[in-house]
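**Q** Whenever a hint applies, use it, and build me the whole structure from the sequences.
Residue-level listing of the chains:
There are 2 protein chains.
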Amino acid sequence: MIRIGIFLNTNYGADEDVAARVREAVQQVAMARDYGFSSVCVGQHFLTEYQKIQPIPLLSRLVAESGDMRLLPGIMLLPLFNPAYVAEELATLDVLSGGRLLFGIGVGYRDAEFEAFGVRRADRGARLEESLAIIKRLWTEDEVSFEGRFFRIPKVQVRTRPLQRPHPPIWVAAQADAGVRRAARVGDVLFLNPQARIATLREQAQLFRRTREELGRPVPDEMACHKEVFIAPDMETALREGRPFLEGKLKMYARWGQARELPPASADFAADGFDDYRQDRVIVGDPEHCIREFRRYRDEVGINHFSCVLNWPGMQHWQVLRSIQLLGERVLPALR
Amino acid sequence: MIRIGIFLNTNYGADEDVAARVREAVQQVAMARDYGFSSVCVGQHFLTEYQKIQPIPLLSRLVAESGDMRLLPGIMLLPLFNPAYVAEELATLDVLSGGRLLFGIGVGYRDAEFEAFGVRRADRGARLEESLAIIKRLWTEDEVSFEGRFFRIPKVQVRTRPLQRPHPPIWVAAQADAGVRRAARVGDVLFLNPQARIATLREQAQLFRRTREELGRPVPDEMACHKEVFIAPDMETALREGRPFLEGKLKMYARWGQARELPPASADFAADGFDDYRQDRVIVGDPEHCIREFRRYRDEVGINHFSCVLNWPGMQHWQVLRSIQLLGERVLPALR
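Protein chains in written order, with the numbering used here: chain E, 18 to 353; chain V, 18 to 353.
It should be emphasised that the hints constitute simulated quantities derived from the structure, not laboratory data. One or more of the hints may lead you astray.
[Stated by the list, open to error] With a cut-off of at most 25 Å between alpha-carbon atoms, the simulated DSS-like pairs for lysine-lysine come out as follows:
no., chain 1, residue 1, chain 2, residue 2
1, E, Lys-172, V, Lys-268
2, V, Lys-172, E, Lys-172
3, V, Lys-153, V, Lys-172
4, E, Lys-153, E, Lys-172
5, V, Lys-172, E, Lys-266
6, E, Lys-268, V, Lys-266
[Unchecked claim] Simulated coverage check for chain V against chain E, where a stretch passes if three residues somewhere in it have a Cβ under 8 Å from a Cβ of chain E:
no., stretch
7, 141-150
8, 160-173
9, 185-195
10, 231-245
11, 262-271
12, 313-327
All figures in this text were calculated on a predicted structure; none of them were measured in a lab. For each residue, glycine too, the CB sits at the ideal point set by N, CA and C.
**A** Structure representation (structure tokens):
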């Protein structure tokens, strides 16, 4: 079985009516729920040239409309925060949602975020690992004290826990190979990058499985990725309508410096054109094309949970609803 | 007019079914909404011997059920956080709720929190003021850079804004006189302490107004406080049922060291008995008694928005619902 989730774009233009866009997102999630989508995912960035909606409040807002869907902060920039905050904020979301949290974490890459939060970029991986170790202890032990390189927890009695025991699944985002090894070491599910070529994803999935085996940790049943998807009733419409959104988004990632995070074979995405990009990085097409593509990523890489970016900056609400309907009626049944 | 809000107790015992308690809280808020309560308030603490629910996710969860009620994190422990995080997380809650956020902030007082978040207790007031200054700039300026004593923001273009312009009302909690002066200096509304005697509140309200006048800042129409309220159909039931809950809660505050925050005339609360406490710190009684007490605080202190703590640790759901009904049907109409 291949699972499909919806990733909500929460980057809005400077002059957009954000409250209206959020109302639309609530409707999109309710519709995805009714079609049997598996998860709803919201990303995190700070200090952007866009109007931005933060993931924890939005996912909490969506508890009422999201049925059995898993709620996925995708990803939370763990190095920026104190682990006591993250442990209790995320435990709350897990409790509020009846145990539906997927704990998506990553190191982040934007310079403005590291500088504003006073975090050295070079420390981001070590901070993530130390923070996660503390969070797991706060979630599972009655008395905790900790002295680490970055954080110190005094001896405390602590009882705030997620509903899922011992803790929600930990999805670790990875762009570079170092991130893949980290995901194998400290995570439960590898959460792959949307801009990498399928060849890169295949190598990273193999690296993940090999590292798990070396560590003696079980290889998980689930493997996930973000994936940009534009689906329309026919191929010609998909290509014509999808192209400008995709090109705009690629430029944004390039400005944010995401390319330098990826292995060389996948780092050229800003320079590549739409046609190259469509080959093995994004899914743009009619329902049959989308079914083939999801199966290809499953067969070649092992990915079986796709968090689909359906609502790109500037897209109309009806286009997102059309994508949800087409995925729900024409694609999901073929993937079960 | 006197406004009544509901403060949700989110301290749960180590073995309580927190998910069930949260479902009850949602029902309580929906009922308070239907009776015309003005606000819903959730407090913040970390690393407690209780199971704890954090305010931002819970208030976000309650957006759907809270109608026109204002949403009040009461209070957020501002010195513990990076201002870029607070600015965007709270802007999100304001957008999600259609502009219903009251931005409740305070310095905090629990040692475990300061230690875990790496904040010197002596810096808490200065950190709050610096953080708030940055947050206001992030909420109102298109390009921000900041070099302060505690925080540094690199030059960034930033567009994430609350829906309320220029920003949501800033409620500043105060326990000691220094906090009252700070509230006058940087806040919009003074948010008074629930454990202070009415004589202390009267002096602090006067200090607030005097400081505003000295600063040439307008004296706001609204003044608020937390207030522990136990209401029952008759006085005898109120006293008999209310006493054990109140005594338990006082002991918790005493353990947490809250007494040392208050002026000397009010700092003795842990030693005092229930009868003394009822005189001029909490409201326990039948509807007529509650009406008289709310009016007394309004007339003697100037408080006209009460965030009422109705659900104390260990209380039954039906007792909270009874309090909401009695306040809604018997008390609120007399206060309009």
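**Q** What are the numbers of the hints that this structure violates, sorted from low to high?
**A** Hints 2, 6, 7, 9, 10, 11 and 12 are the ones this structure does not satisfy, whereas the remaining hints hold.
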